[in-house]
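*Asks:* What follows is each chain in one-letter form.
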Amino acid sequence: MERKALITRSMVAMILLSIAMVFSPAVNSLPGGIGGDTIQSAGCNCHNSFPSSDVIASLEGLPEEYNVSETYPIVVSFTGGPPEAGVNAGGFNLWSSGGEFSVIDATVQARSPGEVTHTEVGNDYREWSLEWTAPSHGRDVDFILHVNSVNGDDGNGGGLDEWNRLDLTVAGSLGPGLEQADPYKVLGTLIIISVILLAATILYGFYRVNPDNFDWEHLAPWIVDWLTSTDHKKVGTLYFVASLFFLGIGGIMAMMIRIQLAAPGLNFISQDQYNQFFTLHGTTMIFLAAMPMINGFANWIVPLQIGAPDLALPRINALSFWLQPFAALLIFTGVFTGQGADTGWTGYAPYVVSEGAHTGVTMWVAGQIMLVASSTLTGINFLTTMAVMRAEGMGWMQMPLFTWSILVANLMLFLSIPAFGVGLIQVYLDRTVSTAFYDIGAGGDPLLWSHLFWYFGHPEVYVVIVPAFGVISEVLATSARRSVFGYRSMVYAMAGIGIVSFIVYGHHMFTSGMSPSLRFVTMLTTMLVAVPTGIKIFNWLKTMHGGSLVYRTHTLWALGFLVTFTLGGISGMFFPSMAMDVHLHETYFVVAHFHYVLVGGTVFGFFSAIYYWYPKMTGRMMDERLGTLHFLTAFVSYNGIFWPMHRLGVVGMARRQHTYFITTEDFNHLPEWAADWNLFISVSAFLFFFSNFIMIANMLISLVRGQKAPADPWGGWSFEWMTSSPPPTPSFGRFDGEKWHDLPVLRDANEHIANEPGAFASWFNRLMVPENEEEVGH
Amino acid sequence: MGLITPLYDMLWKEYLIWSLLVGGFTFGWLYHHTFFYRSEEGIDNNVDNLEVGVFPVHYENLKLEVAWTILPFFLIVYLAYISWEPLDNIWSAANAEDGYFGDECLAGEASNLYWDDSDGVYKADCYHVIGITGFQWSWEFDCYNLEEDVCAHGVVNIEGNDKPHLMLKANSAYLTRMTSTDVTHAPWFVSHGVKEDIHAGKISSQWVLADDVEDFLLICTEYCGDNHAYMIAGISIHA
Chain A
712 MERKALITRS
722 MVAMILLSIA
732 MVFSPAVNSL
742 PGGIGGDTIQ
752 SAGCNCHNSF
762 PSSDVIASLE
772 GLPEEYNVSE
782 TYPIVVSFTG
792 GPPEAGVNAG
802 GFNLWSSGGE
812 FSVIDATVQA
822 RSPGEVTHTE
832 VGNDYREWSL
842 EWTAPSHGRD
852 VDFILHVNSV
862 NGDDGNGGGL
872 DEWNRLDLTV
882 AGSLGPGLEQ
892 ADPYKVLGTL
902 IIISVILLAA
912 TILYGFYRVN
922 PDNFDWEHLA
932 PWIVDWLTST
942 DHKKVGTLYF
952 VASLFFLGIG
962 GIMAMMIRIQ
972 LAAPGLNFIS
982 QDQYNQFFTL
992 HGTTMIFLAA
1002 MPMINGFANW
1012 IVPLQIGAPD
1022 LALPRINALS
1032 FWLQPFAALL
1042 IFTGVFTGQG
1052 ADTGWTGYAP
1062 YVVSEGAHTG
1072 VTMWVAGQIM
1082 LVASSTLTGI
1092 NFLTTMAVMR
1102 AEGMGWMQMP
1112 LFTWSILVAN
1122 LMLFLSIPAF
1132 GVGLIQVYLD
1142 RTVSTAFYDI
1152 GAGGDPLLWS
1162 HLFWYFGHPE
1172 VYVVIVPAFG
1182 VISEVLATSA
1192 RRSVFGYRSM
1202 VYAMAGIGIV
1212 SFIVYGHHMF
1222 TSGMSPSLRF
1232 VTMLTTMLVA
1242 VPTGIKIFNW
1252 LKTMHGGSLV
1262 YRTHTLWALG
1272 FLVTFTLGGI
1282 SGMFFPSMAM
1292 DVHLHETYFV
1302 VAHFHYVLVG
1312 GTVFGFFSAI
1322 YYWYPKMTGR
1332 MMDERLGTLH
1342 FLTAFVSYNG
1352 IFWPMHRLGV
1362 VGMARRQHTY
1372 FITTEDFNHL
1382 PEWAADWNLF
1392 ISVSAFLFFF
1402 SNFIMIANML
1412 ISLVRGQKAP
1422 ADPWGGWSFE
1432 WMTSSPPPTP
1442 SFGRFDGEKW
1452 HDLPVLRDAN
1462 EHIANEPGAF
1472 ASWFNRLMVP
1482 ENEEEVGH
Chain B
44 MGLITPLYDM
54 LWKEYLIWSL
64 LVGGFTFGWL
74 YHHTFFYRSE
84 EGIDNNVDNL
94 EVGVFPVHYE
104 NLKLEVAWTI
114 LPFFLIVYLA
124 YISWEPLDNI
134 WSAANAEDGY
144 FGDECLAGEA
154 SNLYWDDSDG
164 VYKADCYHVI
174 GITGFQWSWE
184 FDCYNLEEDV
194 CAHGVVNIEG
204 NDKPHLMLKA
214 NSAYLTRMTS
224 TDVTHAPWFV
234 SHGVKEDIHA
244 GKISSQWVLA
254 DDVEDFLLIC
264 TEYCGDNHAY
274 MIAGISIHA
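For the protein sequence lines, the chains are A and B, in the order given.
Basically our numbering = 1-based index in the first sequence + 711.
Basically our numbering = 1-based index in the second sequence + 43.
Among the clues, some could well be false.
Covered, in the sense of this in silico footprint (three residues per stretch, anywhere, with C-beta under 8 Å from a C-beta of chain B), are these stretches of chain A [claimed, not checked]:
hint, stretch
1, 992-1002
2, 1027-1034
3, 1077-1091
4, 1419-1429
One-sided and incomplete, this derived list gives chain B residues near chain A with beta-carbon spacing under 8 Å [to be verified]:
hint, residue
5, Y80
6, P129
7, V172
8, N188
9, V193
10, G203
11, N204
12, P207
13, M210
14, S234
What the hints contain is simulated information worked out from the structure, not anything from laboratory work.
In this text, a Cβ means the ideal position worked out from N, Cα and C, and glycines have one as well.
Taking the hints into account, I'd like the entire structure generated from these sequences.
*Replies:* Below, the structure is given as C-alpha cells:
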C-alpha cells in the first residue's frame, strides 16, 4: 500500500474512532460536577437529583456554644420537595469537623465517627434522631448537613427527588481553631514544589554546563535537544530523573497515609482520600518509580556493557520514555478533581467497573494502557539490542550479569504484560462503552481479572527485583575485587526465577475460592522460588569469600540489600503455607514482606547502582561521607518502618484500611501496643523519607564540586569502564555512513570455556538470532 | 498464650525455627565475610585480576552449588509436607468420608469440636451451617433453623456505631455459606485465623472453628470501596 493511502486511511480511522468516543457513554458526572470530597462539595449523590431551595434542612439540638466532651441529643429533619409516598421518603448525610456522632436507633448509621447517614430503614423517614458528643479541644466545630427529599414510589409516577444543604458552626470556648488543610491541596502543593525544585535544578544544571551562555537563545535549543534526543544516555537520564521525581510523589502519599495511621480513629484524610492515596502510592511506586528507575539504568548501562554504540531502536526507545509522562498525567488526573482511582493498585473487579468506583479510574486505566505499550516497546528494544549488538567475543554467557538481569526481566515482562493489557482494555471498555467483561449481572466474571492481573502481577514483582540482582552481582564482585562466584549458576538462577514466576501467581488468590488441589500445587511452586533465589544469595556470599572487600557507599547498600532481601525472602516463605496464609493474607505482614522485597530489594539495589554508576554517568565522584550518612539513616529508619509491621499483621491489622480498632472491654482486636508501634512506624517513615534527600543533595553537590571521575574508578571489568566518564556519543566506535568501526572486542580469561558453550547456552543460542561474525561485529 | 489458633501456632513455630536457622546461617556467613574479608585501607588487592574488557576467570564449585540447590529443596519439601495436613484441615470437604468434621449436625446434636494434639488438626462430630452475606458496607448473618444457643444474630454497638453481631457456641464447627450482593468482600474471623473471598453470584464457604469463648471483630479484608475499613461485625463465642 502506498504511504499516502496508508496515512489517509489511518486518519479516517482515527476520526471515526474519535466520533465514536464522543457518542459513547462516558464517565458519570456527579450532580454538582466533579470535585472535592464527594458529599461535602458535590452534594447528595444517592440519586441523580438536583439541589432545590424548596427543600429546607433543619438541625436541632445543638447549643450555640458547646461544653467540651458533653453529649447532645440532636434531630435532623427537612421539609419541602416532592410529596411523600409512604416509602423511600428521604435521606441525609451529616458531617462534622469535630466530636463524634452516636447512633441511637436503626434509622441512622455511622460512616465514620464524624459522619452519619440514614439506613435503609431510615430511608422511609424525614426526621432522624441521634447524639453528638462534643470534642475535647474547645475549638469551633463546623457541620454540613445534606438532606434529600424523595418521592420513592416509582411505580406510581413517583421517583422525584431534590436535595439541599445546610451549613452550621457551633462555637467552642476557645473560638475557631486552625483550619485543617485539605489533603488534596497538601498533595498538590507538594507536587508543585517538587516540580519547581526539579525545574530549578535543571536550570542550575544548564547554568553549570554553560555559565557564559545562560540565556533563552541557548536554553531553548538545550531543552529541545533533551526533549528530542534518542541517545540512550540522555533517554536514560530522563528515565532516571522521572523515576526520582515519582519516588518523591509516591513517598509524599505514603507520608499522608502514615499520618492517618499514626493513631487509631484519626481523620486526617477521609477514607475516600485514603483509598485514592494508597491506590496511587502503589501504582506510582511500581510503574512510575521502580520501572523507570530500572529503565534508566538499563538505558545507560546495557549498551555500554555490551559494547554497543546505542540501543538497536533509538527512536522506539525515546517513544517508550515519552509515553510515560503522559501516562502519569492520566493516572493522576482524577486525584486533582477529588475522583482519583480508589481501587488499590490491583484494581480488583467487579469494584473497578462498579458505579461506586471513582470516575478517575477510567483515566487511571487509560494511563496504564499507555504504560503497557511503553513496556512492550522497551522489551522489543532491549531484547533486539542484546541479541544483535553484543561486542565481538561476547557470547551469551559472557554478558555482564546486570545485562543478563535486564534480558530476563524484559523476557518476563514481554510474556506477561499482554495479559495485563488485555484486562485493562476490558475494564476500559466496561467503564466507557458498557461492555460486560466484569459485570456479574450480565454474566461477566470478576475472577478473570484476578487471573489476568496476577498472571502479569507476580512476574512483574520479579521484573523489578531481578535487575536489582544484576546490580548486586556487579557491585559485590567489583567491591570484593573478585569475579562473581558461579557466573553460570547465577544466570541459570535468574532464568529459573523467570520461569517459575509464571506458575506461582495463584498464591495471590489463595482466598479467592480456587480449588484446594490447585492451591496445593501453587503452594509447592511458590516455595520453589526460594531455590534459585537462595542460590543467588549463597553465590553472592561466596563471591566475598577470599576477596578484599572495599567499603564504598555502593558496597554498603549492596550488603544492606543482602540483609533486607534475605529477611523479605524468609518472610515470603510463610505465605505459601496456606493454613497460615488464610490468616496473613491482606494484613500488614504482607505489607512488611513486599516492602522488604521491593524497597529492601529493588530500591536498595538501585541506590547501590546510583552510587556505583554515578561517576560513569556524570564524570564526577559522589561524596562518600554523605553517602555513608544516607545509608545509615535510611537503613535504620527503613527497618523501623517495616519490621514492626510483621507483628502488627499477625495480631490482626489489615491493609488498605482507613483506621484500625484497638481491643475494648467488649471486643478483642489489636492490642494497645499496636497504636504505639503505628506511631513509631509513622515517625520512622518521615525519617526514611527525609533521609533520601541526603542522596539527592549528594548528587547535586557532587555534580558541581565532586572530584573528576576516572574511566574505571572501582576497578570493574565490563565495557562501561572502558569509555571515558561521562562516555562520548556514540558510546563506542565511529560510523562512517556505512559501517561501524573501532567497536570494542571482549577478551576472555577462560578461553577454553568460551569456545565450548554448555548445553543450555547452545540450546538458548539456537532460540535467538545466531551469532555470526558479521552480526556480532555489527 | 497462643498467637491465633493451635493449627496456626503449630505451623508458625515450625516455620519460625527454620527461619531463624536459615537466617542465622546466612547472616552469620554474611557478617563473618564482611568483617574477615575487608580490604586494608588504601590497598586495592585485585584478587582475580579483574581487567577492563576481559571476561574474568570463572570461579565456581560444582559440589557447593549443588549443595545449596539440593538442601533448600529438601527443606521446601519438608515445609510443604508439614503444611499439607493443616491445608486439608481448613479446606476439608463437607460430608466427606475422611473429612474432619463429619456430617451436618441434626437438630439438637452437639458439634463437639476439639483440637487433636496428636494429629495436629481440629476434629468435630458434626458441623452447623450458617449464612453470611456481604454488601457495601456491612454484613448480614443467617442462622437458618439453628437453635438460638447454637447461632443467633443481632446488632451491637462498637465504638458508638451499630454493627451486625453474630453469636456462636464454643466447641462447635460451623460451615459458612457466603455470598455478596455487590462487589467482592472477604470476612476475616481474626481470632480464628481464616478468611475467604465472597463474590456476587457465587457461593463460597469456609470452616469457622469456634474453639474458645471470646468476643472479637470480624473485618472485611478484600478492598470494597469507600467504607471498607468500617465494614466490621462483632463475633461472640459463648460457652
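*Asks:* Look at each hint and say if it fits the structure.
*Replies:* Hint-by-hint comparison with the structure:
no.: 1; hint: 992-1002; verdict: violated (count 0)
no.: 2; hint: 1027-1034; verdict: violated (count 0)
no.: 3; hint: 1077-1091; verdict: violated (count 0)
no.: 4; hint: 1419-1429; verdict: holds (count 6)
no.: 5; hint: Y80; verdict: holds (5 Å)
no.: 6; hint: P129; verdict: holds (3 Å)
no.: 7; hint: V172; verdict: violated (17 Å)
no.: 8; hint: N188; verdict: violated (25 Å)
no.: 9; hint: V193; verdict: violated (21 Å)
no.: 10; hint: G203; verdict: holds (5 Å)
no.: 11; hint: N204; verdict: holds (4 Å)
no.: 12; hint: P207; verdict: violated (11 Å)
no.: 13; hint: M210; verdict: violated (12 Å)
no.: 14; hint: S234; verdict: holds (7 Å)
Checked against the numbered hints given earlier, this structure breaks hints 1, 2, 3, 7, 8, 9, 12, 13; the rest are met.
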